[in-house]
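**Student:** Using the sequences and the hints, build the whole thing.
Heads up: the sequence lines are chains A and B, in that order.
Heads up: the first sequence is residues 0 to 310, going by numbering that gives the first Met the number 0.
Heads up: the second sequence is residues 0 to 310, going by numbering that gives the first Met the number 0.
Rather than coming from a laboratory, the hints here were simulated on the basis of the structure.
Among the hints, erroneous ones may be present.
[To be verified] Calculated lysine-lysine pairs in the DSS-like style (CA-CA distance at most 25 angstroms, straight line):
1. B/Lys-56 to B/Lys-88
2. B/Lys-233 to A/Lys-160
3. B/Lys-160 to A/Lys-214
4. A/Lys-224 to B/Lys-214
5. B/Lys-207 to A/Lys-160
6. A/Lys-207 to A/Lys-252
7. A/Lys-233 to A/Lys-223
8. B/Lys-88 to B/Lys-99
9. B/Lys-99 to A/Lys-223
10. A/Lys-214 to B/Lys-123
11. A/Lys-223 to B/Lys-224
Take a look at the letters that make up each chain.
Number of protein chains: 2
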Amino acid sequence: MTNRVLAHTGAKYPIIQAPMGWIARYQLASAVSRAGGLGIIETSSGETENCKAEITKMAQSGLPFGVNLPIMFLRDDAMLRFVCDSGVKFVTTSAGSPAKFIGPLKDAGIVVYHAVPTVDAAVKCVEAGVDGLVVEGAEGGGFKNPEEVSTLVLLQAIREKVDVPLVAAGGICDGRGMAAAFALGAEAVQMGTRFVSSAESPVHDNYKAAITGAKETGTWVLNKKASPCIRAIKSELTKEIHDAGVMPPDVLKNILGVYFGGDMEAAPALAGQTVGLINEVKSAHDIIDETVAQFHQITGRLGALAAARGF
Amino acid sequence: MTNRVLAHTGAKYPIIQAPMGWIARYQLASAVSRAGGLGIIETSSGETENCKAEITKMAQSGLPFGVNLPIMFLRDDAMLRFVCDSGVKFVTTSAGSPAKFIGPLKDAGIVVYHAVPTVDAAVKCVEAGVDGLVVEGAEGGGFKNPEEVSTLVLLQAIREKVDVPLVAAGGICDGRGMAAAFALGAEAVQMGTRFVSSAESPVHDNYKAAITGAKETGTWVLNKKASPCIRAIKSELTKEIHDAGVMPPDVLKNILGVYFGGDMEAAPALAGQTVGLINEVKSAHDIIDETVAQFHQITGRLGALAAARGF
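**Tutor:** Below is the structure:
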């Protein structure tokens with residue numbers, strides 16, 4: 000039995016931390032990687048120098064890790080070139096076509112997974128030469144494709160059309176979702192909201208409390224007919240946006256007020272539907288250990304059904 | 000190992016056919032039940048006398064079956080009383096509070112499952128005394144809760160709060176989805192779109208072809224801010240409704256033109272996201288046999304991961 004995502008990443012467990020802007024930096028990513036998962040450093044904040052410093056710290060740590068390159072957000076090739084020269088072994092690309100990035104990244108010996116929200120995008124990326132895909136179901140937080148397809152359906156639809164390893168993202172925060180994703184053909188899971196609300200996440204406690212306190216119906220998808228389309232926690236601000244149907248263009252400019260100021264009305268607080276499943280702030284170590292244990296407990300229970308040809 | 004849904008329904012396999020108005024009648028339901036699943040007779044069409052005749056035929060067949068009672072759509076207690084007197088053993092209620100229906104149904108020895116789209120609704124129904132729940136994820140077709148929560152998240156969220164058996168509905172059309180649902184705590188699955196497009200479904204071939212030909216992004220959720228909120232296949236008509244944001248109140252009045260006339264623009268053609276996974280018209284027998292075989296193949300594969308403590 001082989002797991003291609005483990006072979007590609009060098010992580011102990013196929014559990015990847017999502018690349019949340021400003022949040023996915025050394026403090027969080029190193030905790031995830033030390034716990035056996037795969038920490039990812041973000042570059043979507045656009046804070047080029049800070050992100051470079053964080054990548055350097057991760058490379059120096061000796062831990063397995065990855066970097067996310069959100070193609071549309073990168074003003075020039077500087078970050079691409081830096082990543083190619085920095086000992087990075089695993090990159091996820093997102094937000095745009097990876098075609099132009101694949102050549103330089105693979106020349107540098109880097110494994111490339113691209114994040115896709117549809118079958119058409121998945122097929123195009125595989126034709127362009129990616130090594131794997133992050134399959135982004137509609138349940139997830141943050142920037143979304145306005146064509147909402149759930150992880151349950153999207154994973155299967157993409158699995159039918161491509162042979163590369165799939166990382167399931169959206170709606171997964173523990174071993175239950177991980178086991179379901181593996182039933183559908185995934186070889187790894189990516190968790191965002193779960194790690195935003197982890198002990199090592201740098202965000203304000205108010206943000207973590209908003210996640211642990213919300214119901215499964217506690218998020219909206221906003222701005223579906225414009226860009227960016229996002230999933231965020233229900234609040235007075237996001238109710239206004241939801242009722243209006245569109246988002247003011249500068250509404251995300253105070254996002255750091257949410258993340259680090261703890262003002263939950265400063266901007267839409269990005270999060271996925273797993274807010275309804277996450278009830279507690281836990282360390283990255285506990286999250287990953289419990290996820291793996293629960294995954295094996297559930298797969299063991301399902302294996303017993305198969306052995307008995309029962310239900 | 001016991002499966003409570005099998006004990007409650009008398010079916011051989013925990014695979015339930017959804018109660019689509021006009022479509023879920025003897026021809027389809029008996030084929031599903033003969034194949035080892037559980038056929039359900041609809042009453043949401045409001046065609047009281049026809050539905051009573053279909054229930055009588057199912058009862059005389061000796062096959063296990065159920066009846067759906069959509070509470071808000073029933074003008075009076077006539078159908079409830081008929082069901083209580085007709086040898087029906089299993090009822091799913093939906094669209095409204097089951098509280099008043101549970102007493103009479105249970106006095107008649109009938110097992111009652113209610114269909115719910117949220118945790119709050121699930122908890123209320125269990126307090127009211129239902130025997131089980133149909134958990135309706137946002138992926139499914141037809142009448143939807145405008146608060147969209149995917150099957151992946153909703154099943155887990157409800158499983159945490161209640162102990163009754165759960166039937167997963169929405170996004171499931173074969174053994175992959177069934178294995179995922181069981182990983183998340185379900186004891187059965189319900190399939191709508193899959194059986195609408197089955198050989199024994201009475202609908203026009205154009206409707207079946209629209210399902211087998213659509214992509215995973217091939218449906219819209221329409222009319223979220225009004226009632227009824229529905230998921231339907233993309234078409235010229237549904238694009239107009241989608242762009243307008245609201246649905247004309249009489250837009251479903253020509254639904255039989257879709258179902259039996261094959262005019263895919265006569266009304267919104269109700270269907271779930273599984274249109275992206277269903278590529279072929281198959282018999283109910285093949286659907287159920289293949290679902291069961293695939294379920295055991297996948298659960299066996301997952302069991303091997305557990306045994307190896309691997310991924």
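**Student:** Confirm or reject each hint.
**Tutor:** Cross-check of the supplied hints:
no. : hint                   : in the structure
1   : B/Lys-56 to B/Lys-88   : 14 angstroms, holds
2   : B/Lys-233 to A/Lys-160 : 22 angstroms, holds
3   : B/Lys-160 to A/Lys-214 : 12 angstroms, holds
4   : A/Lys-224 to B/Lys-214 : 20 angstroms, holds
5   : B/Lys-207 to A/Lys-160 : 22 angstroms, holds
6   : A/Lys-207 to A/Lys-252 : 20 angstroms, holds
7   : A/Lys-233 to A/Lys-223 : 16 angstroms, holds
8   : B/Lys-88 to B/Lys-99   : 18 angstroms, holds
9   : B/Lys-99 to A/Lys-223  : 40 angstroms, violated
10  : A/Lys-214 to B/Lys-123 : 15 angstroms, holds
11  : A/Lys-223 to B/Lys-224 : 14 angstroms, holds
When each numbered hint is compared with the structure, a violation occurs for hint 9 only.
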